[in-house]
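Chains as they are written, first to last, in the working numbering: chain G, 1 to 316; chain C, 317 to 591.
No wet-lab data here; the hints were simulated from the structure. We put the beta carbon where it would ideally sit given N, CA and C, even for glycine. It is possible that part of the hints are untrue.
Some chain G residues judged to face chain C by a derived CB distance under 7 Å, without partners named [unchecked claim]:
#1 Ala-102
#2 Cys-103
#3 Tyr-104
#4 Arg-107
#5 Asp-111
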Amino acid sequence: MFAVTVNDLTKSYGFVKAVNGLSFTIEEGEVFALLGPNGAGKSTVVEILEGHRTRDTGEVRVLGRDPGTAGQEYRDRIGIVLQEAGIERELTVREALVHYGACYSRRRPVDEVLDLVGLNGLGDRRTHRLSGGQRRRVDLALGLIGDPEVLFLDEPTTGFDPSARRHAWEMIEGLKALGTTILLTSHYMDEVQVLADRVAVLVEGRIVSEGTPAELRGRAESETMIRFRFPEVDPSSGPVVDMLGGLVGRTSLRNGVFEVCTVDPTTDLSLLTGWALERGGQLEGLEVTTPTLEDVYLDLIGDSHGAAGGAGSRDV
Amino acid sequence: MSDRTSPSAVALLFRQVGYQNRLFIRTPIAAMFTLVFPLIFLVLFGAIFEGVDLAPGEEVSPAQFYAPGLAVFAAVSATYTNVGIGVAIYRDEGVLKRIRGTPLPRWIYMGGVVGSGVAIAAGGAVVMLAVGFLVYGIEMDADRILPALVTFVVGVATFSLLGLALAAVAPSGQSAPALANATLLPVAFVSNVFISVRNEPPAWLDLLGDIFPLKAFSDAFFAAFDPFEEASAYKPWLLLWMGVWALAGAMVAVRKFRWEPSTGAGGGGGRRGRR
């Protein structure tokens, strides 16, 4: 059973196609992330699913409803954390939670929610006396107060300091453990890597890649980088050139460090270490780096922009 | 899920009224303009008309004429001005967008705004009239209390709806105060609120006042206090005219209402310019 299905969704603002033929599904209890640079269309997609925005074409279902026409009973089952939404400055945190909670048919206890977002002790403070990060936590708390089945989090940790982000991640993982389906948008790679079950990378209103964070990494064209030094070896000597020419990857020399960009690190490492052992030498400072999701992501959005970015730019 | 039964509409409506009242009370500047401003007028008028005989040959306090008008002014400030500005500011700040994402029915939000406007208006009018009765010796026949109440309810409901219409057409929370005052104050001067133009004003002034609903409100309300009024204190035609404006206000509010800040006005910029 899918909590969310989106099929061939499009949305234009004037001549700008903000969303251009988007399709994805989210299973119940899954954390799904839309990852992309600013202006990729993430918020537009989320706001269409929330019912805040109309779509041009395509089919959208959340909890079996069409958000474009669904009413009160639909919004009763979802939680929304907008990228930007005001909180009544006249109210204390607790008053806001009690007031908004009263609109829902089912709600989490206020103290539990305060605890969940790390605002215990600040319940009686007026919202305009909170810091930006604390106010963002109130946003999260207001998204959670109605005990939602599907939670929309539009860039929930933008503007957080590192410890607040960690805390928010723990909180979101806690929600996931409770079985809440979560649609998350982010432009933080590390966030998505930690939180998401599946990721769709969105560029210019299209999905350019989709999968689990691990799949995305594995599928990527980014190559493993092997770095090492050969002291006392002339890099231009015949045997060295022959050996390096036999590798699968491409080799370059930078400040005395050899860098091998390879799609087959096992073979290349075996050739390199074998060669070094035969000669009784050492590969000094040997280092093998697999691409992070960040590298993958940069490749993806670099490629789709047709820029010179991505894996290819790294070999010399 | 089967365990979801929505809260009752009546309970939600009452809660919304309480919520709006709380927002109002905690916005001192709004409370100041709505409640204290008309009171200052009342005291000033009391000093200006001290000893002036507005009704020769009758034992009538001058306040008998201007206190009801200022009570109407307080009521209109609490509804038209306050609702119009408040809603536009909350829209700018993104509060309305947040509310739209909750299961709260939209009409209950609107109902809460209107209900709270009516309650605050009643508070303002009661204060004005209480000062009028206790300090300036105005009088009222007991059998005119009900007509006054009926007129009052129709009037404040009308001006609450007009306030929602004002919020709907105001481009931003910053322009709403100017729009509210620019539309209310000139009209107030031809509507027997501050100054009575009852005694043979120029025809065009009379007509101008007749067009807008404020004169209908103040004249119908004053009828309950008018020492020379022989006929019934009910003014059905004036109430009807307010009803026409109420309907127009409701239509504009429903058709033009926006829940999202207009582009560029978002992100909490609206609070700077409350009046």
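For each hint, the structure was consulted:
no.: 1; hint: Ala-102; verdict: holds, 6 Å
no.: 2; hint: Cys-103; verdict: holds, 4 Å
no.: 3; hint: Tyr-104; verdict: holds, 6 Å
no.: 4; hint: Arg-107; verdict: violated, 10 Å
no.: 5; hint: Asp-111; verdict: violated, 20 Å
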